[in-house]
Amino acid sequence: MSTTEQPLRGLLTRDPSVVAAGAGIFGDALRQQAVPVTDVEWRPPMDGTSEALARVLADPRLTEANAEALRRITAAEAELVRIAPASEVLGLQRGEFLHSGPPLTWERASGPMRGALLGAMLFEGLASTAEEAEQKLAGPDISLAPCHSRGAVGPMAGVISPSMWVFELRDPVHGNVSHCSLNEGLGKVLRYGAYSEEVITRLEWMRDVLGPVLAGAVERHGPVDIRAYLPQMLQMGDEGHNRNRSATLMFLRDLLPHIVAQGDRDPADIAEVCRFVGANDHFALNLVMPACKLAMAAAKDIPGSSVVVTMARNGTDFGIQLAGTGDEWFTAPANTPEGLFLGSYGPEDANPDIGDSAITETAGMGGFVMAAAPAIVRLVGGNVDFALTTTRTMYEITLGEHPSLQVPILEFRGAPIAIDATAVARTGVLPQINTGMAGRVAGTGQVGAGLVTPPAEVFVDALRSLADRVPTRD
Amino acid sequence: MQTAEARPDRARALPCAPGAHLRPAAASTLSPSWLQAQPAPTEVAAVFDQAIYLRRGQEVLPLLAPEALMLPGALRVITRADLDALRVRVGEGVLVGGGEVRTPRGGLVVRRVWRPQPVPTAPLPESARQAARAGLAGLAPLEDALAGRLAELAAVLAAGPDLEAARGLVGLGPGLTPAGDDVLCGLLLGLRASGRDRERSLLEAAMLPLLGRTTAISATLLHQAAQGYAVPPVVALLRAWHRGAGVSALTLAGRLVAGIGHTSGPALVLGLTAALAAPQSRPARHTSAPGTGPVTRTTPARTTPARPQPEPVLVAGATRGTS
Chain E
1 MSTTEQPLRG LLTRDPSVVA AGAGIFGDAL RQQAVPVTDV EWRPPMDGTS EALARVLADP
61 RLTEANAEAL RRITAAEAEL VRIAPASEVL GLQRGEFLHS GPPLTWERAS GPMRGALLGA
121 MLFEGLASTA EEAEQKLAGP DISLAPCHSR GAVGPMAGVI SPSMWVFELR DPVHGNVSHC
181 SLNEGLGKVL RYGAYSEEVI TRLEWMRDVL GPVLAGAVER HGPVDIRAYL PQMLQMGDEG
241 HNRNRSATLM FLRDLLPHIV AQGDRDPADI AEVCRFVGAN DHFALNLVMP ACKLAMAAAK
301 DIPGSSVVVT MARNGTDFGI QLAGTGDEWF TAPANTPEGL FLGSYGPEDA NPDIGDSAIT
361 ETAGMGGFVM AAAPAIVRLV GGNVDFALTT TRTMYEITLG EHPSLQVPIL EFRGAPIAID
421 ATAVARTGVL PQINTGMAGR VAGTGQVGAG LVTPPAEVFV DALRSLADRV PTRD
Chain G
1 MQTAEARPDR ARALPCAPGA HLRPAAASTL SPSWLQAQPA PTEVAAVFDQ AIYLRRGQEV
61 LPLLAPEALM LPGALRVITR ADLDALRVRV GEGVLVGGGE VRTPRGGLVV RRVWRPQPVP
121 TAPLPESARQ AARAGLAGLA PLEDALAGRL AELAAVLAAG PDLEAARGLV GLGPGLTPAG
181 DDVLCGLLLG LRASGRDRER SLLEAAMLPL LGRTTAISAT LLHQAAQGYA VPPVVALLRA
241 WHRGAGVSAL TLAGRLVAGI GHTSGPALVL GLTAALAAPQ SRPARHTSAP GTGPVTRTTP
301 ARTTPARPQP EPVLVAGATR GTS
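Each protein sequence line maps, in turn, to chains E and G. The numbering of the first sequence is our numbering, which starts it at 1 and goes up by one. The numbering of the second sequence is our numbering, which starts it at 1 and goes up by one.
Take these hints with a grain of salt, some might be off.
As the list claims (entries may be wrong) - If the Cβ cut is set under 10 Å, some of the chain E residues that face chain G in the computed set are:
hint	residue
1	10
2	12
3	13
4	14
5	15
6	31
7	32
8	34
9	36
10	37
11	128
12	377
Calculated directly from the structure, the hints in this document are not laboratory data. Positions of the beta carbon are idealized from the N, C-alpha and C atoms, including for glycine.
Please construct the entire structure, taking both the sequences and the accompanying hints into account.
Following this line, the structure appears as structure tokens:
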């Protein structure tokens, strides 16, 4: 029986079904009058996005562009093909440094970023003291560029100097290449802004022993399928940003025969390499990150797409890039993470958010799959319920579910993948990042780990820029 | 008189726990008058997942969750949790009055009144009557042992008010709403919606004195049916009769009626079908066939529907017969 045959579609002869959107006060008022109400969460789009949203959502290219982005992201592969000095594979010249996050000048650099650059100057022999390094960094002879500008990524300060050895990962599907430094471990390390002698000595050992030994092993092994580690990590309780134990051990397992088979090496060096990699639960972070970068690089430069392909922080600014806006950065002051602190450190010691490691969240790992790694809350704070809720919430701002990255506790639901900037603006839900915390004073090192979100403004600016690129009719 | 003092005493005997939460509820315009009168104990007659029936005398007040079939006189709450919170048992007394239902655990308070929609009261054109019949044809027939008897009695009553046939139907069958009563409801509603108001009022007069024979909830529903009120699927069907809906639409609406309860739906359909059976102008001929008991018909009234002689006699007789 069609209701259209009745006056006002039967509105006056049947009970209305009430759905209340947004503010609870309306639904509550009706409930007080004994009216059953179905509540639907709704809030206005982020301030300043209405106009841009209207234009972007009306862009006829949007749906297909985003579908294409999702296809590419989930199709991307990642193989470790070689390990070599950055000067060779990235073409870095003496005096050139890469850093994490959006573009940055020495003047605006935060404590840990300055500390890492000072350390890199000392490591490269460009200065013999921190003071000398500081003077030179403030001068015209040193050039800084974001890792992302070269397709690379770096955790925390993310400083890559020419003599540092880097992983080279390749996506055979789309032909992209990505690089990342080798992980130094935890505590007083360069990427957290420490630059003491201990830090420099370790970097030298990594340059002279670790890099060459691992490079030899990869050469013997052939391309290592890093992409295959990611789904397994989620099955093993790691989320790939602050828990990388399983991938570290899988990597070591794959390379071990080829590490020890290098008979021309000093057995003590071989043993130290094995110990160093095996004892550093974060070692594989520097493999997961470029693997994630390759997934997102596949979606770069799709006109009309609102997919976030980069989220990165330099300790001062948080920056994002969209698939539909090329290399343009949208930046705003970075938030400071909240979480748990090491030793006697406290919130006042923490530097604002820093590092390219948010590429993991951009690619559906890290905070987005916290539900798969409930133990992470002992490192970054929160509770297990928060971890579950976070992953569930991220589905609200992503385009799809990853076919192979699956979350066991959610009945193997695919990870939330491909952040849609329009969904962020419409829901006000910000991507959840879990991260390490660097000390705000140069030279401190790590002070804790915690949870952080991007500043909302970056999505507002990104959407406006995307809206400006929507072709006008006629 | 002591009643004025006595009632608050009773109210104190069944207090709400201090600070107990009174949850909002919506009363029907057909809810029993004692819902708004001085508070007095009322018996819990039945407790189901989605409904609680409160009874005082022969009047029942259903408390209904939103999922329940919307009985015309019900007090409706927002969620099942509101009923669960009362935690009542069958046979227990609760305090009802002043627009509240109170138990020692909690209670409900009337915050609004809802108005059940009556079925249409108007003559049904012959084409619409035939479409309505076709729409009901073959819908889930009653399949228990009573089916034949019910059909017979319904046919007799459709032809004219018959005290014996009514006596045969009221309270016939098991359960809270015996199938015989559902047939009568269908008949009363069907007669009203096909414009056969004279037959309907005669049947009502014959039936009302017999209501002590059935359950209180069924008696309440029969009263409401006599006034033209029914559950929403029935109202929707009868409105469709008058809207000139096609047979397929009528069948669809009929299925929703036939699907009510266990036997209630098919029994309602049986009563509605009987109401549509006889041509409005000549109720006499074919209905004598079943031959169950004396068929008291009003043949003289045929040409002038206005106040035929025998009716008051019949009504008076019926009343006397049961009291």
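For each hint, the structure was consulted:
no. : hint : verdict
1   : 10   : 9 Å, holds
2   : 12   : 9 Å, holds
3   : 13   : 5 Å, holds
4   : 14   : 7 Å, holds
5   : 15   : 8 Å, holds
6   : 31   : 6 Å, holds
7   : 32   : 5 Å, holds
8   : 34   : 4 Å, holds
9   : 36   : 5 Å, holds
10  : 37   : 8 Å, holds
11  : 128  : 74 Å, violated
12  : 377  : 32 Å, violated
Consistency note: the structure conflicts with the earlier hints numbered 11, 12.
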